[in-house]
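Colleague: Start from the sequences, fold in the hints, and give me the full structure.
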Amino acid sequence: MNFEFSEDQVLLKNQIRRALDDHCRSADVRQILESDSPHDSQLWRVLCEMGVQGTAIDDSLGGAGAGYLELCVVAEELGRALAPVPFSSSIFLAVEALKVAANNEQKLALLPGLASGEKIGTLAAWEINGPLQPDTIAMRWEEGVLNGRKILVPDGDVADVAIVIARDDEGLSLFAVDLTDSGVTRETLETIDPSRNFSTLTFNAVAGQRLGDAGDGWNLLEQVLNRAAVLVAFEQIGGAQRALEMATDYAQERYAFGRPIGSFQAVKHMLADMYVDLELARSNCYYGAWALSTDADELPLAAATARVSATQAFQHCSKNNIQTHGGMGFTWEFDCHLFYRRSNLLAVLLGGQSVWKDRLVSQLESSDAA
Amino acid sequence: MNFDDTPQEAEFRSSVRHWIDDNAPKYLLPYLEKASFATMDLGDYNANDESKAWRKKKFDAGWACLSWPQEYGGVGASPIERVIWQQEEGHYAALGGLFTIGEGMCGPTVMSYASEGQKKRYLPKLAAGEEVWCQLFSEPGSGSDLAGLRTKAERDGDDWVINGQKIWTSGAHHSDYGMLITRTDPSVAKHQGLTMFFLSMKSPGVEIRPIKQANGQSGFNEVYFTDVRIPDAQRLGEVGNGWSVSLTTLMNERLSIGGSMPTGFPEMLALVKSLQTGEGLAIKDKAVRDKLADWHCRTSGLKYTSSRMISALSRGETPGPEASIGKLVAGSMMQDMSMVALDLQDLSGILVDPELAELSARFQAMLLRSPATRVEGGTDEILRNIIAERVLGLPGDIRADKGMAFSDIPTGR
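Chains W and H are the protein sequences, given in the same order.
The numbering of the first sequence is full-length UniProt numbering, which starts it at 1 and goes up by one.
The numbering of the second sequence is full-length UniProt numbering, which starts it at 1 and goes up by one.
This list has only true hints and no planted wrong ones.
Computed far set for chain H versus chain W, every beta-carbon distance over 10 Å:
no. : residue
1   : E11
2   : F12
3   : K56
4   : P69
5   : G117
6   : G148
7   : T184
8   : D232
9   : S244
10  : Q335
11  : L351
12  : A405
Coverage of chain W stretches by chain H, computed from C-beta distances (three or more under 8 Å per stretch; other residues unrestricted):
no. : segment
13  : 2 to 10
14  : 272 to 279
15  : 307 to 321
16  : 352 to 361
No farther apart than 35 Å at their CA atoms in a straight line, the calculated lysine-lysine pairs in the DSBU-like style are these:
no. : chain 1 : residue 1 : chain 2 : residue 2
17  : H       : K291      : H       : K273
18  : H       : K303      : W       : K99
19  : H       : K152      : H       : K120
20  : H       : K291      : W       : K319
21  : H       : K303      : H       : K57
22  : H       : K303      : H       : K286
23  : H       : K286      : W       : K319
24  : H       : K284      : H       : K273
25  : W       : K319      : H       : K284
26  : H       : K202      : H       : K212
27  : H       : K286      : H       : K34
28  : H       : K125      : H       : K152
29  : H       : K303      : H       : K212
30  : W       : K13       : H       : K303
31  : H       : K34       : H       : K303
32  : W       : K99       : H       : K286
33  : H       : K303      : H       : K26
34  : H       : K202      : H       : K56
35  : H       : K125      : H       : K56
36  : H       : K303      : H       : K56
37  : H       : K284      : W       : K99
38  : H       : K120      : H       : K52
39  : W       : K107      : W       : K119
40  : W       : K319      : H       : K303
Read the hints as simulated data drawn from the structure, not as lab findings.
Note that this is a predicted model, so its numbers are computed, not measured.
Using N, Cα and C, we set each Cβ at its ideal position, and we do this for glycine too.
Modeller: Written out as structure tokens, the structure reads:
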């Protein structure tokens, strides 16, 4: 059995960490948090130069031709550094949608730009507040153009390309849309985590091209979300790991009643529970990574398990990181809130816990394993 | 990243599988499949006899105490081969319960501290299952604070004379030998005045009384020592060095107990897939689904954590105190799950008759057994301390008895 990342993958991880230590310090994250800039374009360029965006894209399509395990390693480091870049929108969502649904010609046209990072992609799905369901999607595809409004589009202000789910008489389909079209209006949204950008996109007779079969849009979207769930779960455990480390360090440095607060069992046990949740989530993420990299039949179960587990671990670690820091944890100056914000953003990024738990149990229901 | 055996591991697995297939007591399988949560009922077959017979068969074929050196009755197999053996042994592993403490805890300690002659005398018989061993550690006044033990050993010529009481000794009534930790010097700090011995459980003055547990069963014992004599030659380690000898044993205890915890999740899934509630199948209920997802995540997390540990073994590394999480997670999960399982059965949840209760009353057994899981071999609280101190590196708690002579430590009641 070899259920660990390889030496080369660990080397890649270290290389990404070093780059992020230099170019994605907490001051850089705060720069995006506190300004109107939708993302850190300098960091994005650094990642482009390293070829990180193309990690899991075939070299014939402009990528590096490595695999999903390498991409998981990258995701964990981006999550750890709270990287304020449109990586998940462009790579985990748009690229995966194209891999799942596009034909060869479409891939050749769209993937190289995303692989180099020259173009930024995203997924536009939600139209109303609340869970995404087939009947919440009203956007119309008629006579070769899209009309309607998508809310909560991640990195909607900076994306060049969007994968859009919309309906025509045959049901739901996925479409690739050039967002530089003059019929697109963008409106920035304020969210709990301003270090990431979200916006509302209004489409007024915007041209697009269908991806995959007509009427197959919901099925394709679920496949995309499963793949993205594994990758985002790695971002989540990266963030959770850092939050746990911050809390552990602080518990050793901070004295009260003449002793380090980390010597009190009330604090120790809180940190031990964070560690346990994180280890379980990490192991589930590895399972997800294995399923994604081998395209296993178990991917829907593995993805939902990694997703639920990593969401809980990051929320658990980020909230108790604040608790460990006491009053200082509630200052703007300390970084605790950056992790708290990001953990709660990622918790709903691909749909909330109850939706993913329901997907998970549906997989258990259909499996014979009882 | 893969779950595949190396060619060498695959070859080992295949030979194990063939041997088990040819030799295992298949007539016991129907009983063993139902064994769970520390209960094993072999019907008309005698559990001890069957356990010893299977053990002997394994020993004769070279499959017992795999990781021990050959001269002491083992085969010098690698840790990963031991894991493969356990995986392949499957339900028959339940027959090994009688020997777990001997193989996992007493044996390694004897190997580290006994004389060569003693090792040759005792270890092969332990490995063969001809002699059963227990560990005599916990006392009524010292559980988590093991070093606070009071059982007294006093030197008398070439012997030591033992007086005191041990408790929670698994299998003492089936055991031939025991490993005993005692206090030899109450005038020094508590960790410094301890000494380890082994003795025959048939020694005059040893009295074993089964404890009737909260769940009505009796797997543990109290052991009383009244002027029991142990030759000095049966001392393990130096006088006053018993604490560090005991650590050898305890690290092995947590590894062997935490290694393959049942969680009860497969049983839970089977229950909610079959149980009708007022609104239809239990698994269709939103509240049930929410909890089921959480439990699945924890079960799956444990499973793949264990895969990560096996990978470390496979690379020749030793898993650290991270192994503590298995029992910590599984114990309270079993307890929570059994309460929900009974609740779903509504008033019939109180039934303990396997003929009448859902799933042969396994959840009722789990409900009544799981409190012990959260205490035995390190309480949840001690395990959290271990994780906090040894994994996360947090400082130890401040001890009120630090540096005090043992005899000056306040005891309460």
